[in-house]
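Student: Chain by chain, the residues:
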Amino acid sequence: MLGQFADGGRLEMKGELEYLLSASDKLGQYVDRWIAVVGDEIVAHGETAKEVFTKAKQKYPSKIPFVMKVPSDVVMVM
Amino acid sequence: MSLSSAREIVCKYLSYRFTERDGSTRYIQLPLVHVILESRVDKIGTDALVDSGSTTTFVPKEIADAISLVPSGSTEVVRAEAAGAGGRFPTDVVHLKRLTLIKNVTPFAQCVEILVHVPREEGRIPYTILGRDHVFPKFDITFHEKRRKFTFTRIGD
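So the sequence lines, in the order shown, correspond to chains A and B.
Letter by letter, the first sequence follows residues 1 to 78 of my numbering.
Letter by letter, the second sequence follows residues 1 to 157 of my numbering.
Derived from the structure by calculation, the hints contain no laboratory data.
What you are looking at is a predicted structure, and each value in this text was computed from that prediction instead of being measured.
Certain hints may be false.
Here's a subset of chain B near chain A, in silico, CB distances under 8 Å, partners left out [stated by the list, open to error]:
#1 E8
#2 K12
#3 F18
#4 T46
#5 D47
#6 A66
#7 S68
#8 V94
#9 R98
#10 I102
#11 V105
#12 C111
#13 L115
#14 F139
Straight-line alpha carbon distances no greater than 30 Å define the calculated DSS-like cross-link-like pairs of lysine-lysine that follow [said to hold, decoys possible]:
#15 A:K50 to A:K63
#16 A:K50 to A:K26
#17 A:K63 to A:K26
#18 B:K43 to A:K26
#19 A:K57 to B:K43
#20 B:K12 to B:K103
#21 B:K43 to A:K50
#22 A:K50 to B:K97
#23 B:K146 to B:K97
#24 A:K57 to A:K26
#25 B:K103 to A:K50
#26 B:K149 to A:K26
Every residue gets a Cβ at the ideal spot worked out from N, C-alpha and C, and that includes glycine.
Chain A extracted, bound-state conformation (with noise of 0.2 Å):
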């Protein structure tokens, strides 16, 4: 995982939805597709969550990989 530095100089570590925060300019190229985050690193993407959950853990067994849908614009309103 990757450090930052927060408030007050202290080195935290990074999770993966800080990741993608900071590398935001990735998003785009995956908008509605489904993809997995292991550490600092997009290690499957694909069409559904299981085939990139079930890549993730092959690659990472002892990892819980983040997984996500890339969200276009679409107006959700419950």
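Go by the hints and put chain B onto chain A.
Tutor: Below, chain B without anything else, positioned relative to chain A:
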């Protein structure tokens, strides 16, 4: 890993832009938080929208299926229906073993043995939705729309 006891947790909006097929540029800004969802058999990290407009918590069927978070008998499932401005859709209410909120790599809140709604159709919701039933009672949540941040302020006992 033990929970952070920090009183305030500040999270950034997920912001990015992309180009549509017609060449137009779209900007996305969403108050998403990292959560770990745990079923009886597996765990998955995913993004969750903090949504004060939702009375309950939803998990996309795609994510629920990935960790086998499925109805497993009459005691585990209640068929329900969700309704909103987008219309009505059927859901199953299932037990989630644990919901953990994460900032960086540190958990800061947990909800254990909770009921969540899972739409019966894929594609109904694009991400997990944290409604007002489980997480909101633990925090005052403030959205700083212009600064693209949101803050969880822990409520004292």
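Student: Determine for every hint whether it applies to the structure shown.
Tutor: For each hint, the structure was consulted:
1. Below 8 Å, beta-carbon pairs count as interface contacts, and B:E8 has none with chain A, the closest being about 11 Å; its hint is therefore violated.
2. Here the hint on B:K12 is kept, as its CB sits about 5 Å from the closest CB of chain A, short of 8 Å.
3. Using the Cβ-Cβ criterion of 8 Å, the hint placing B:F18 at the interface with chain A is satisfied: the shortest such distance is roughly 3 Å.
4. With its C-beta approaching chain A no nearer than about 5 Å, B:T46 sits inside the 8 Å limit, and its interface hint holds.
5. About 4 Å separates the beta-carbon of B:D47 from the nearest beta-carbon of chain A, less than 8 Å, and the hint is met.
6. Taking 8 Å as the C-beta cut-off, the interface hint given for B:A66 holds, the closest approach to chain A being about 4 Å.
7. For B:S68, the interface hint is violated, the least distance from its beta-carbon to any beta-carbon of chain A being 10 Å, above 8 Å.
8. Annotation: interface hint on B:V94 violated; nearest CB of chain A at approximately 16 Å, more than 8 Å.
9. Interface restraint check: B:R98 against chain A, minimum CB-CB distance 12 Å, threshold 8 Å, status violated.
10. Residue-level restraint check for B:I102 holds (minimum Cβ-Cβ distance to chain A is 6 Å; threshold 8 Å).
11. A distance limit of 8 Å between C-beta atoms decides the matter here; for B:V105 the minimum to chain A is near 5 Å, and the interface restraint holds.
12. At about 17 Å, the closest approach between the beta carbon of B:C111 and any beta carbon in chain A exceeds 8 Å, and the interface hint on this residue is violated.
13. Checking B:L115 against chain A by beta carbon gives a least distance of about 17 Å; that is not within 8 Å, so the hint is violated.
14. Evaluation of the B:F139 hint against chain A yields a violated restraint, the C-beta minimum of about 18 Å exceeding 8 Å.
15. A hinted pair counts as satisfied when its Cα atoms are at most 30 Å apart, and A:K50 with A:K63 qualifies at roughly 16 Å.
16. Straight-line distance between C-alpha atoms of A:K50 and A:K26 comes to about 22 Å, which keeps the hinted pair within the 30 Å bound.
17. For the suggested pair A:K63 and A:K26, the alpha carbons sit about 22 Å apart, so the restraint of at most 30 Å is met.
18. The suggested pairing of B:K43 with A:K26 holds, with an alpha-carbon distance near 26 Å, which does not exceed 30 Å.
19. Proposed proximity of A:K57 and B:K43 is supported: the alpha carbons are some 11 Å apart, at most 30 Å.
20. Note on B:K12 and B:K103: the hinted pairing holds, with a Cα-Cα distance of about 10 Å set against a maximum of 30 Å.
21. With a CA separation close to 12 Å, the supplied pair B:K43 and A:K50 stays within the 30 Å bound.
22. With a C-alpha separation of about 19 Å, the suggested pair A:K50 and B:K97 falls inside the 30 Å cut-off, and the hint holds.
23. Between the alpha carbons of B:K146 and B:K97 the distance comes to roughly 36 Å, so the proposed pair goes past 30 Å and is violated.
24. Distance hint between A:K57 and A:K26 is fulfilled; the C-alpha atoms sit about 22 Å from each other, no more than 30 Å.
25. In summary, the hint linking B:K103 to A:K50 is supported, as the alpha carbons are separated by about 24 Å, within the 30 Å threshold.
26. Simply put, B:K149 and A:K26 have alpha-carbon atoms about 21 Å apart, close enough for the 30 Å limit, and the pair holds.
Hint violations for this structure: numbers 1, 7, 8, 9, 12, 13, 14, 23, all remaining hints satisfied.
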